[in-house]
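Protein chains: 2
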Amino acid sequence: MPKGQPLTVPDDNLTTRQRRNRPLLMVHTGDGKGKSTAAFGMALRGWSQGFDIGVFQFVKSAKWRVGEQTVLERLGALHDETGEGGPVQWHKMGSGWSWSRKAGSTEDHAGDAVAGWTEVKRRLAEQTHDLYVLDEFTYPINWGWVDVDDVVETLRGRPGHQHVVITGRRAHPELVEIADLVTEMTKVKHPMDVGQKGQRGIEW
Amino acid sequence: MPKGQPLTVPDDNLTTRQRRNRPLLMVHTGDGKGKSTAAFGMALRGWSQGFDIGVFQFVKSAKWRVGEQTVLERLGALHDETGEGGPVQWHKMGSGWSWSRKAGSTEDHAGDAVAGWTEVKRRLAEQTHDLYVLDEFTYPINWGWVDVDDVVETLRGRPGHQHVVITGRRAHPELVEIADLVTEMTKVKHPMDVGQKGQRGIEW
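Residue numbers (UniProt numbering), protein chains in the order written: chain P, 1 to 204; chain D, 1 to 204.
One chain only, chain P, in its complex shape (with noise of 0.2 Å):
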């Protein structure tokens, strides 16, 4: 895509450098497929600028996401050692979230989302990253199990200059409203429809 320019110029009394540096809610939605791994791109050249990167996956699965995880917690261990790009922590849903070490599984998948968006919370008001990828969580809210009311209010008053990602499909309403990008991944041909399966290093 080349660099664009503006089509308009915002009467909000703001220079064009801290209209520049405006934190972005961006939302990736969609019956398509991409929605999560362009967030993940996102992550990558955040990484490359330094960025402080928390990736919370809010959803259970085994493989999915495998490379990704591999990839940016690697350039996270990178940063550690050598000082490149920014520092990574990646959680996920599972037994718990990676952060609790809770032993055993849990199968309360609801609560397991309300736990997820709280420690969310947390960190956005202690701006604990730069950039948040919140992936598949339109489904805990589109289920009821995280008040798309609290998500709104949370994210409109986040402090400071935090980028946030929210990936899934049949994103709310409300979180497109207040969203500053929104892409819609829209499918016109999956290798699924003619009986073509997931394979590794294309799906995982």
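Do not take every clue at face value.
Sample of chain D residues at the chain P side, in silico, Cβ under 7 Å [stated by the list, open to error]:
#, residue
1, 33
2, 38
3, 40
4, 41
5, 45
6, 48
7, 71
8, 83
9, 182
10, 183
11, 184
12, 186
13, 188
14, 189
15, 200
Label-pair distances were calculated between CB atoms; the ranges are [stated by the list, open to error]:
#, chain 1, residue 1, chain 2, residue 2, range
16, P, 31, D, 84, 33 to 43 Å
17, D, 173, P, 109, 34 to 44 Å
18, D, 188, P, 144, 38 to 48 Å
19, D, 154, P, 187, 19 to 29 Å
Below are the DSBU-like pairs computed for lysine-lysine, each with C-alpha atoms no more than 30 Å apart in a straight line [said to hold, decoys possible]:
#, chain 1, residue 1, chain 2, residue 2
20, D, 187, P, 121
21, D, 92, D, 121
22, P, 187, D, 60
23, D, 121, D, 60
24, P, 187, P, 92
25, D, 189, P, 121
26, P, 60, D, 187
27, D, 189, P, 92
28, P, 121, P, 92
29, D, 187, P, 92
30, D, 189, P, 189
31, P, 189, D, 92
32, D, 92, P, 187
33, P, 187, D, 121
If you are wondering where the hints come from, they were derived from the structure by calculation, not from laboratory data. No residue lacks a Cβ here, since even glycine has one placed at the ideal position from N, Cα and C.
Using the hints, position chain D against chain P.
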């Protein structure tokens, strides 16, 4: 995205394993953000599986993709040092192409695009890479600089097990026709519409 099951089982006499390992042609098109970012995210995933990655950037630009290039080349160097992941080559048009190391700048964009495609064809015939990212490759096709019939014939007939991802707006119908996976990224909302300019860590 939860791991899906195929909707139908094709009548192609292939085992699931053969079908699973089929090389894919993927196209990311549409006017929205995320086409290239998702392609680089795939490269990241492929790297973690040990894929040999070749990126070919069919657009001249100083700033764009710098973050992705830095990270992927760093991962490629990591592979060379430690054996982790796979090797990475990143080639871009600028003063000619990075493999040709031509002195001075060329203003023959059409000629550069043809030279790029000729090199990609040569590598496909020699099975140089496991994953090719042909970034912004729809443009030289649509502008008639690269012959779409040649592209279609080459990609259909490529030997071995080579994945190809092509990005760019308005993918040619013949390209969509032969692709295994096509995703359209649609812009729902973009900060540039309301005067927001591109910023560090987000756009580059």
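Evaluated hints:
The beta carbon of residue 33 (chain D) is positioned within 7 Å of a beta carbon in chain P (closest approach about 5 Å), and the interface hint is therefore held. Checking residue 38 (chain D) against chain P: minimum C-beta separation of about 4 Å stays under 7 Å; hint holds. For residue 40 (chain D), the interface hint holds, since its Cβ comes within 7 Å of a Cβ in chain P; the closest pair sits about 5 Å apart. For the restraint placing residue 41 (chain D) at the interface with chain P, the shortest Cβ-Cβ distance is roughly 4 Å, inside the 7 Å limit, so the hint holds.
A distance limit of 7 Å between C-beta atoms decides the matter here; for residue 45 (chain D) the minimum to chain P is near 4 Å, and the interface restraint holds. Taking 7 Å as the C-beta cut-off, the interface hint given for residue 48 (chain D) holds, the closest approach to chain P being about 4 Å. Interface restraint check: residue 71 (chain D) against chain P, minimum CB-CB distance 5 Å, threshold 7 Å, status holds. With a least beta-carbon distance of about 13 Å to chain P, the hint placing residue 83 (chain D) at the interface is violated under the 7 Å criterion.
Interface restraint check for residue 182 (chain D): the shortest CB-CB distance to chain P comes to about 4 Å, inside 7 Å, so the restraint holds. This hint holds: residue 183 (chain D) has a C-beta 4 Å from the nearest C-beta of chain P, less than the 7 Å allowed. At about 4 Å, the closest approach between the beta carbon of residue 184 (chain D) and any beta carbon in chain P falls short of 7 Å, and the interface hint on this residue holds. Using the Cβ-Cβ criterion of 7 Å, the hint placing residue 186 (chain D) at the interface with chain P is satisfied: the shortest such distance is roughly 4 Å.
At about 4 Å, the closest approach between the beta carbon of residue 188 (chain D) and any beta carbon in chain P falls short of 7 Å, and the interface hint on this residue holds. Taken as an interface hint, residue 189 (chain D) checks out: its beta carbon lies about 4 Å from the nearest beta carbon of chain P, inside 7 Å. Satisfaction of the interface hint for residue 200 (chain D) is found here, the shortest Cβ-Cβ separation to chain P being roughly 6 Å, below the 7 Å cut-off. Remark: the range hint 33 to 43 Å for residue 31 (chain P) to residue 84 (chain D) is upheld by a beta-carbon distance near 34 Å.
At roughly 43 Å, the beta-carbon separation of residue 173 (chain D) and residue 109 (chain P) lies within the given 34 to 44 Å, and the hint holds. Against the hinted window of 38 to 48 Å, the Cβ-Cβ separation of residue 188 (chain D) and residue 144 (chain P) comes to about 23 Å, which falls outside the hint. Here the CB-CB span from residue 154 (chain D) to residue 187 (chain P) is close to 26 Å, well matched to the stated 19 to 29 Å. A threshold of 30 Å between alpha carbons decides the hint, and for residue 187 (chain D) with residue 121 (chain P) the separation of about 28 Å falls inside it, so the pair holds.
Only pairs whose Cα atoms come within 30 Å are accepted, and residue 92 (chain D) paired with residue 121 (chain D) is accepted, the gap being roughly 16 Å. Simply put, residue 187 (chain P) and residue 60 (chain D) have alpha-carbon atoms about 29 Å apart, close enough for the 30 Å limit, and the pair holds. Restraint check for residue 121 (chain D) and residue 60 (chain D): the C-alpha separation of about 20 Å stays at or below 30 Å, so the hint holds. Distance restraint check for residue 187 (chain P) and residue 92 (chain P): the Cα-Cα separation of roughly 26 Å lies within the 30 Å cut-off, and the hinted pair is therefore satisfied.
Among the hinted pairs, residue 189 (chain D) with residue 121 (chain P) is consistent with the structure: their alpha-carbon atoms are about 25 Å apart, no more than 30 Å. Between residue 60 (chain P) and residue 187 (chain D) the CA atoms are separated by roughly 29 Å; this keeps the pair inside 30 Å, and the hint holds. Proposed proximity of residue 189 (chain D) and residue 92 (chain P) is supported: the alpha carbons are some 29 Å apart, at most 30 Å. Distance hint between residue 121 (chain P) and residue 92 (chain P) is fulfilled; the C-alpha atoms sit about 16 Å from each other, no more than 30 Å.
For the proposed pair residue 187 (chain D) and residue 92 (chain P), the alpha carbon gap of about 29 Å is at most 30 Å, so the pair holds. Distance restraint check for residue 189 (chain D) and residue 189 (chain P): the Cα-Cα separation of roughly 24 Å lies within the 30 Å cut-off, and the hinted pair is therefore satisfied. At roughly 29 Å between alpha-carbon atoms, residue 189 (chain P) and residue 92 (chain D) fall within 30 Å of each other, so this suggested pair holds. Under the criterion of a C-alpha separation no larger than 30 Å, the hint pairing residue 92 (chain D) with residue 187 (chain P) is consistent with the structure, at around 29 Å.
For a cut-off of 30 Å, the pair hint linking residue 187 (chain P) to residue 121 (chain D) stands: about 28 Å separates their Cα positions.
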